[in-house]
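**Q** Sequence:
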Amino acid sequence: MARVAKPPSADPEGPALKRALTTPLLYFFILGDVLGAGVYVLVGQVAADAGGAVWAPLAVALLLALLTAASYAELATKYPRAGGAAHYTTRAFGPFAGFVTGFCMLAAGIVSVAALARGFGGDYLSAFVTLPVGLVAVLFLALLALVNARGVKESTRANVVATVIEVGGLLVIVVLGGWLLLRGDGDLGRLGRLGTPEKGAAAALLSGSVLAYYSFVGFETSVNVAEETRDPRRSYPRALFGALATAGAVYVLVGLAASAAVPTARLAGSSGPLLEVVKEAGGVPPRLFSAIALVAVANGALLTGIMSSRLAYGMARDGLLPGVLARVLPGRRTPWAAIAVTTALSMLLALTGSVATLASTLVLLLLVVFLMVNIAVLVLRRDPGDAGHFRAPTVLPVLGAASCVLLATQVEAEVWLRGLLVLATGAVLAALVAVRRARHPARAAGGEEAAGTTEPAGERPPAS
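Quick note: to get this note's numbering, add 56 to the position in the sequence shown (first position is 1).
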């Protein structure tokens with residue numbers, strides 16, 4: 057039977073991160089992470105799988121994402137600490153499950169940042185200048201690391217600007233789609249065509265929803281900055297559900313506009329489907345969308361980099377990774393060691409070019425994480441926690457877990473093979489950590505205290 061376990065290093069007097077995030081900043085953090093670069097290519101892929109009714113899989117994906125988001129809202133307000141899913145599963149099932157869950161999140165985050173770095177140096181940038189992709193990726197990641205290390209407040213302020221640009225670009229698509237319809241060039245009939253020659257309506261909706269679900273991935277990273285939020289119990293649920301609702305509304309509107317404006321076959325065959333809307337409508341320079349895509353890629357990489365470094369920091373503080381990763385800058389109280397290590401790994405992946413073969417495993421890894429989180433929220437109901445935290449209706453985590461299983465059944469076999477290799481690696485490393493902690497329990501428990509020497513006690517923020 058699963059047990060509710062307190063992590064051995066859950067000392068509240070350990071090194072604390074600076075509480076700098078307000079509700080609006082957290083809202084834009086989540087919105088910017090969800091409205092990432094994927095939406096600019098996603099519409100064509102969904103159209104290929106689902107047909108002209110692109111909006112329907114997007115709406116279903118939003119509902120599925122909200123199920124798991126409810127579990128995250130409960131756990132993030134109950135345990136507002138960096139470490140996120142790894143911290144929750146450690147409490148619910150012990151350090152082995154916590155390590156495997158955290159390892160999946162770390163692997164997904166690091167590979168995602170590397171892939172985005174290569175994407176930044178690829179076709180979008182070549183619309184303006186041609187430079188070696190590897191060089192651009194390294195310089196790009198180094199710059200993001202400096203912004204990350206400067207402070208979460210500065211990083212999220214930059215995210216606000218980038219998110220406004222991303223949303224503005226998507227709203228331009230909505231306006232252009234409406235303009236096309238007004239001048240009689242669009243086709244509203246495509247909005248009701250669900251299905252393809254190979255798939256019926258139900259199969260097409262499910263297949264398209266799996267792809268559309270990818271576009272909402274990103275909300276889970278926000279739990280790793282709950283510790284840096286001024287009032288997480290009040291701010292986090294508002295920011296999370298508000299951001300997901302905003303993203304869902306924008307996605308559905310974009311799906312309606314793109315499908316009505318451009319023939320389905322043309323959308324499905326384009327690697328830049330939203331650019332097809334721009335070309336069809338006219339009046340907006342195509343280079344504008346290359347610039348917006350670059351902003352979207354950079355913003356997604358920055359926010360995922362923040363998540364990865366805070367996750368590594370939280371796992372180190374829980375004794376699941378070497379204690380050195382819990383070191384923070386004395387003045388800015390940002391996890392510099394975790395930032396340096398996760399950035400270096402992303403650079404290595406970006407330079408080796410292996411990101412392409414691993415990128416398709418990201419969603420599978422996150423579905424494993426989401427499954428664990430949805431189960432953990434039920435197990436941790438035995439721990440009442442502090443009064444006032446958000447509590448999701450029990451049916452939501454149950455349905456959330458079921459949705460993860462359902463979506464995982466739609467993942468291709470070769471992706472499962474790569475994902476199982478990553479899971480096996482995490483399990484082996486977790487076993488090694490368990491052996492080390494069994495042999496040296498005092499060292500494992502003292503990792504957080506050692507890390508605490510990097511920050512003067514007088515600079516710790518007051519408890520919320």
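Quick caveat, the hints were computed from the structure, so don't treat them as lab data. The structure presented is a predicted model; accordingly, all values stated were derived computationally and were not measured. Treat the hints with caution; some may be incorrect.
Stated by the list, open to error - Now the in silico label distances, taken between C-beta atoms and shown as ranges: (1) 325 / 495: 51 to 61 Å; (2) 183 / 400: 22 to 32 Å; (3) 301 / 325: 29 to 39 Å; (4) 449 / 257: 27 to 37 Å; (5) 387 / 259: 55 to 65 Å; (6) 217 / 286: 20 to 30 Å; (7) 244 / 400: 44 to 54 Å; (8) 444 / 243: 45 to 55 Å; (9) 286 / 325: 22 to 32 Å; (10) 258 / 451: 22 to 32 Å; (11) 442 / 238: 46 to 56 Å.
Built from N, CA and C at the ideal position, the CB exists for glycine as well.
**Q** Now, for every hint given, state plainly whether the structure supports it.
**A** Hints versus structure:
{"no.": "1", "hint": "325 / 495: 51 to 61 Å", "result": "58 Å, holds"}
{"no.": "2", "hint": "183 / 400: 22 to 32 Å", "result": "29 Å, holds"}
{"no.": "3", "hint": "301 / 325: 29 to 39 Å", "result": "32 Å, holds"}
{"no.": "4", "hint": "449 / 257: 27 to 37 Å", "result": "30 Å, holds"}
{"no.": "5", "hint": "387 / 259: 55 to 65 Å", "result": "56 Å, holds"}
{"no.": "6", "hint": "217 / 286: 20 to 30 Å", "result": "21 Å, holds"}
{"no.": "7", "hint": "244 / 400: 44 to 54 Å", "result": "51 Å, holds"}
{"no.": "8", "hint": "444 / 243: 45 to 55 Å", "result": "51 Å, holds"}
{"no.": "9", "hint": "286 / 325: 22 to 32 Å", "result": "48 Å, violated"}
{"no.": "10", "hint": "258 / 451: 22 to 32 Å", "result": "23 Å, holds"}
{"no.": "11", "hint": "442 / 238: 46 to 56 Å", "result": "54 Å, holds"}
Checked against the numbered hints above, the structure breaks only hint 9 and satisfies the rest.
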